[in-house]
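Student: In order, the protein sequences belong to chains A and B.
Every letter in the first sequence is one number past the one before it in this note's numbering, and letter 212, counting from 1, is 212.
Every letter in the second sequence is one number past the one before it in this note's numbering, and letter 11, counting from 1, is 11.
Where hints are given, some of them may not hold.
[Stated by the list, open to error] Listed below are several chain A residues computed to face chain B (Cβ distance under 8 Å; list not exhaustive):
1. 12
2. 16
3. 68
4. 71
5. 80
6. 261
It is worth saying that the hints were derived from the structure and are not from the lab.
In this text, a Cβ means the ideal position worked out from N, Cα and C, and glycines have one as well.
2 protein chains.
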Amino acid sequence: MSLNEESSAKCFGGLQKVFSHDSVETKCRMRFSVYLPPKVFEENFQDGKLPVVYYLSGLTCTEENFIHKSGVQKYAAELGLIIIGPDTSPRNVGVSGENDSWDFGTGAGFYVDATEPLWASNYRMYSYVTKELPAIIEKNFPASSSARSIFGHSMGGHGALICALKNPGHYKSVSAFAPICNPSECPWGVKAFSGYLGANKESWKDYDATALTRGYSGEKIKLLVDTGTADKFYQDCQLLPENLKNAVDGNSDAFDAKFRFHGGYDHSYYFIASFIGEHLKFHASALQTEIA
Amino acid sequence: MSLNEESSAKCFGGLQKVFSHDSVETKCRMRFSVYLPPKVFEENFQDGKLPVVYYLSGLTCTEENFIHKSGVQKYAAELGLIIIGPDTSPRNVGVSGENDSWDFGTGAGFYVDATEPLWASNYRMYSYVTKELPAIIEKNFPASSSARSIFGHSMGGHGALICALKNPGHYKSVSAFAPICNPSECPWGVKAFSGYLGANKESWKDYDATALTRGYSGEKIKLLVDTGTADKFYQDCQLLPENLKNAVDGNSDAFDAKFRFHGGYDHSYYFIASFIGEHLKFHASALQTEIA
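Isolated chain A, as found in the complex:
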């Protein structure tokens, strides 16, 4: 499990790095980004550990979009958080049709473990982001194995939500920008789940944040969901945050949740950049007691 450093650049006093490695889950070379805040390089840090926040990107993204466009480093530097950003799918694994669509296959792993035979061998992004990647991070960086949070955008917002809902207590907080909240009921999700999980819609519930929320009974989840009202994917009913909110309201003892709608914001990184500081503060607050 050797890591290859692809790039490293100083940013807000810390280091923004990208690594590649051979993944056991996806059976291909994978890349991920790591931001190490300045605290890591202080003389008295030594064998310390810092809280880690995972960020899952949306359709068509690689590990690059987020670290170039979100402005996350400023806030991670101030709050002393390590930020991890995986890629959005396996790449170049030779599955027939993997590059035919922008919303399925390459760049669109949807953070599930595929069960359909064609995809099942490589498209295991759920296990990759919840198990393989955290183990790598905690082995190679000064990352706490208990103080973890997760967030994401669009398809990655869906990913963040299901990772938290399927692993009670594993993440201290979860947040999302414009997440796909109910994939079983929107065109993107129906296409992806049909392809990766097959025609039986019962199996989709395992990866649908709204369905998972209805049945959730674990440790209380701290949740923040932001959506822009000028987001055309919201307007086109791809995101369905109201469905998730209804499910949360129906199971309110299990959630400490806030749903916000921001007038005039769209689906782009300009929206993410505008609110990422608030998201990191939300996570830092949840992680603080853990690390203190």
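Following the hints, put chain B in place on chain A, whose structure we already have.
Tutor: Frame of chain A, contents of chain B only:
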């Protein structure tokens, strides 16, 4: 002189827009970005004017890199500044060889008015950024015609410096990230100036910040120059900030200047993002008295 709005997205409460227009100077379609801070949209703003800061990008960039990667919008929103970002050259004008090099021709206009016959008709980026573009901005947006500042990166840092040095009093402050400070003496500059201005090195002095600084006698210039010590172009003597600093030191009455060297930072937008907040505060301070 009609403007076509290419895109518009809400960002930090303001709007990040891109426009295109037919340029008189470059005789082609040009694009530029405009960030309008939230102050513009306040009810009591009405016919107000805000200070404007121009940003000139570096080699290979379009108007996009800066607005995607620098994080400028956060600070512009807080400080109430309009930010303008032009493209780096004419495009698709049909000059033979315009696309042969990444450091000459397309994406590399060097903010000069070319005199060599092949380039002279279109490559007039100096007149474009100092005259044509400001007139468009002041006509179409609530932009002050007196409270202007300018900054840039690399080739655009050179551009910002010469715009300020050639137009005393026109810009209230000038700053640069990793600027090409003495183009007559570095490989990038020698190639560009030979191509655009011809073999006579005397003519190069009109567009060389270090040469212009030696002879400067106008209104005192407020200047901030940041360079990263891990910048390979600095190490390769493409930037030569020491030459500019020596020229400023030799004409110190004409400058209120600060040169900073930042350990470990490279030439990328990670460097720019880390310090752009300080640059905008520097400009806001210089512009404040103008607008009050």
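Student: Quick check on residue 12 of chain A please, does its C-beta sit within 8 Å of some C-beta on chain B?
Tutor: holds (5 Å)
Student: For the restraint on residue 261 of chain A, tell me whether the closest CB of chain B is nearer than 8 Å.
Tutor: Since chain B brings no Cβ nearer than about 13 Å to residue 261 of chain A, farther than 8 Å, the hint is violated.
Student: Identify whether the interface hint at residue 80 of chain A stands, where standing means a beta carbon of chain B within less than 8 Å of its own.
Tutor: Not OK, violated: residue 80 of chain A not within 8 Å of chain B, min 17 Å.
Student: Hint residue 71 of chain A vs chain B: min CB-CB distance below 8 Å?
Tutor: Status holds, d = 4 Å.
Student: Holds or violated: is there a CB of chain B closer than 8 Å to the CB of residue 16 of chain A?
Tutor: Where the cut-off is 8 Å and the nearest Cβ of chain B is about 6 Å from residue 16 of chain A, the hint holds.
Student: Does the nearest C-beta of chain B fall within a distance shorter than 8 Å of the C-beta of residue 68 of chain A?
Tutor: holds (5 Å)
The structure is inconsistent with the numbered hints 5, 6, although it conforms to all the rest.
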